[in-house]
Every structure is written in C-alpha cells, then in structure tokens.
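Engineer: Sequence:
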Amino acid sequence: MRRAISVLALLPLLVVGSSWAQDPLEVTPYYLVIDSTIESEDAGDWAAAAAMTARAHGEHSQGNVFATYRLLTGGPDEKIRAFFPLEKMADLDGWISNRQILYETVGKDRGRLVLDDLELEQSSSERIVAYSAKLSRPPESVGASKILWVVEVEIEKGSMVEYSALALRVKKAYEQAGGEQTWLVYGNAIGGDRSQLTYLYGFDEFASLDDWPSRIEVLTAAYGDKEAARLSAALESLTRTRTSLWALESELSQLEGKQ
171 MRRAISVLAL LPLLVVGSSW AQDPLEVTPY YLVIDSTIES EDAGDWAAAA
221 AMTARAHGEH SQGNVFATYR LLTGGPDEKI RAFFPLEKMA DLDGWISNRQ
271 ILYETVGKDR GRLVLDDLEL EQSSSERIVA YSAKLSRPPE SVGASKILWV
321 VEVEIEKGSM VEYSALALRV KKAYEQAGGE QTWLVYGNAI GGDRSQLTYL
371 YGFDEFASLD DWPSRIEVLT AAYGDKEAAR LSAALESLTR TRTSLWALES
421 ELSQLEGKQ
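When the count follows the working numbering, it moves up by one through the sequence shown with no breaks and lands on 429 for the last residue.
In short, the hints are calculated from the structure, not lab data. Think of the CB as a built atom: it goes at the ideal place given N, C-alpha and C, for glycine as much as any other residue. Do not rely on the hints blindly, as some may be mistaken.
[Stated by the list, open to error] Label pairs and their in silico Cβ distance ranges:
1. 289 - 420: 46 to 56 Å
2. 329 - 380: 27 to 37 Å
3. 406 - 279: 49 to 59 Å
Throw the hints in and build the complete structure from the sequences for me.
Structural biologist: Structure (structure tokens):
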C-alpha cells in the first residue's frame with residue numbers, strides 16, 4: 171500500500187462518530203476511493219494487516235469508517251477497492267493517519283509490522299468522487315451492500331451534456347416501470363478522468379438479479395421499439411463501458427464508528 175498510505179497520511183478523518191448506514195434517502199455526497207492491487211502470493215499477509223488496521227479504527231475513538239470490496243472477476247492478482255465516505259470537503263482538514271491509529275491501539279512495535287505488510291501491495295490509486303443526484307435512482311436507504319455491480323462509463327470528450335440528456339430518459343423509463351432496480355452515480359471530482367461516471371448497483375444476493383429487466387426491455391416499454399433502439403444506439407455511440415462485480419470484505423472494513 172505504498173502510494174495509498176502516503177496519500178492517506180494527508181487525507182482526513184472521515185465521518186467520525188457515525189455508522190456506515192445512512193438515514194433513508196440520505197446519500198453520501200463524496201467518497202475517497204482507493205484501488206489497490208496485491209500479488210496473489212502477498213494477499214494473505216496484506217489482508218491480515220488490513221484486517222488488523224480495520225479493527226484498530228474500530229477501537230480508536232477517532233477511527234475512520236470505510237467499506238472494502240474485493241473484485242470477483244479477473245485475476246490472478248487480488249484487486250481491492252475501499253470507499254471512505256465524506257460528508258463535505260471540509261472533512262479533509264482533520265485527518266488522523268493509519269500510523270497514529272495503529273500506534274495508539276496496538277503499540278509502535280506491532281504497528282510498524284502492520285504498516286510494513288500494508289506496503290506489500292503492487293500498486294494503488296486514489297480519487298475523490300462526487301454524487302450526481304440528477305442521474306441517480308437511489309434506494310430508500312443506503313448502506314454497504316454485500317455485492318456491488320460497478321459500471322464505469324467513459325463518455326466521449328465534449329459529449330457530457332448530450333449523454334446526460336439521454337441518461338435522464340433512461341432514468342425516467344425505469345421510474346415509469348416502477349421496478350426495484352436502483353443505482354447511485356458518482357463522477358470524479360479530484361483525480362481520475364472527469365469524463366468518466368461510475369454507476370453503483372448494490373444488492374445482497376445474486377437472486378436479486380433475476381428480477382432486473384434489461385435496459386432495452388425498460389426502454390421499449392416506455393418509448394416503443396424504434397425509440398428504444400435509437401436511444402440505445404445513441405448511448406453506445408457516446409460511451410465505452412466497463413463492468414465488474416465486487417464483494418464486501420467485512421473483516422477489511424470498518425462500518426461502525428465510535429459513538
């Protein structure tokens with residue numbers, strides 16, 4: 171976790187004194203997102219260190235709240251994505267580092283060993299993403315789902331306005347259908363490509379997917395065959411998409427803050 175640790179040392183204490191679960195319709199405005207890749211031979215030692223770090227945050231009076239996910243598709247190396255919620259950018263002003271959290275909970279000697287094992291990761295990157303209420307269709311309550319289906323949409327340069335208009339029509343079609351499928355949309359605010367949007371679809375079991383209609387089915391029901399095909403073609407002409415499935419790693423997460 172070489173790069174991520176250096177950046178985290180400069181970043182804030184996130185949502186101290188609260189749990190991950192949000193009140194109904196209360197969506198986190200920002201996330202610090204850290205992506206890490208760990209070689210398979212180092213994954214065990216790294217995970218043990220990450221789990222101890224998560225416990226240390228839970229025990230510390232100023233520990234951070236975060237959810238950690240593991241990529242289910244791909245390989246052979248382990249890919250980890252951690253979400254640290256931010257209520258406002260001003261939260262960046264009060265960071266307490268992993269080092270301090272570990273030293274004050276497990277002691278300096280043990281803390282140094284844990285920090286060394288966290289540096290076993292092969293690579294890492296970080297960014298802050300901001301919520302788009304306009305494009306999202308949030309659930310009634312928001313929390314750390316057991317599984318995340320992530321759709322990363324890269325939009326052709328200069329086409330964000332056109333894409334947004336099309337995406338709003340898709341959202342309207344789902345609202346007319348009245349189904350249970352919901353999603354959150356975040357755009358890169360600091361770091362990352364500003365032309366990329368990330369759609370987060372959370373669920374707790376794969377059986378939930380059996381009830382999700384395809385986009386073309388929803389569009390056809392709302393607008394008819396020809397308009398549905400036209401909308402789909404327009405979206406495909408403006409975007410490139412990448413999908414992935416991620417599973418919540420509870421032992422590597424800290425979902426309950428100190429009250």
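Engineer: Each hint needs a verdict: does it hold in this structure or not?
Structural biologist: Hint check:
{"no.": "1", "hint": "289 - 420: 46 to 56 Å", "in the structure": "23 Å, violated"}
{"no.": "2", "hint": "329 - 380: 27 to 37 Å", "in the structure": "34 Å, holds"}
{"no.": "3", "hint": "406 - 279: 49 to 59 Å", "in the structure": "56 Å, holds"}
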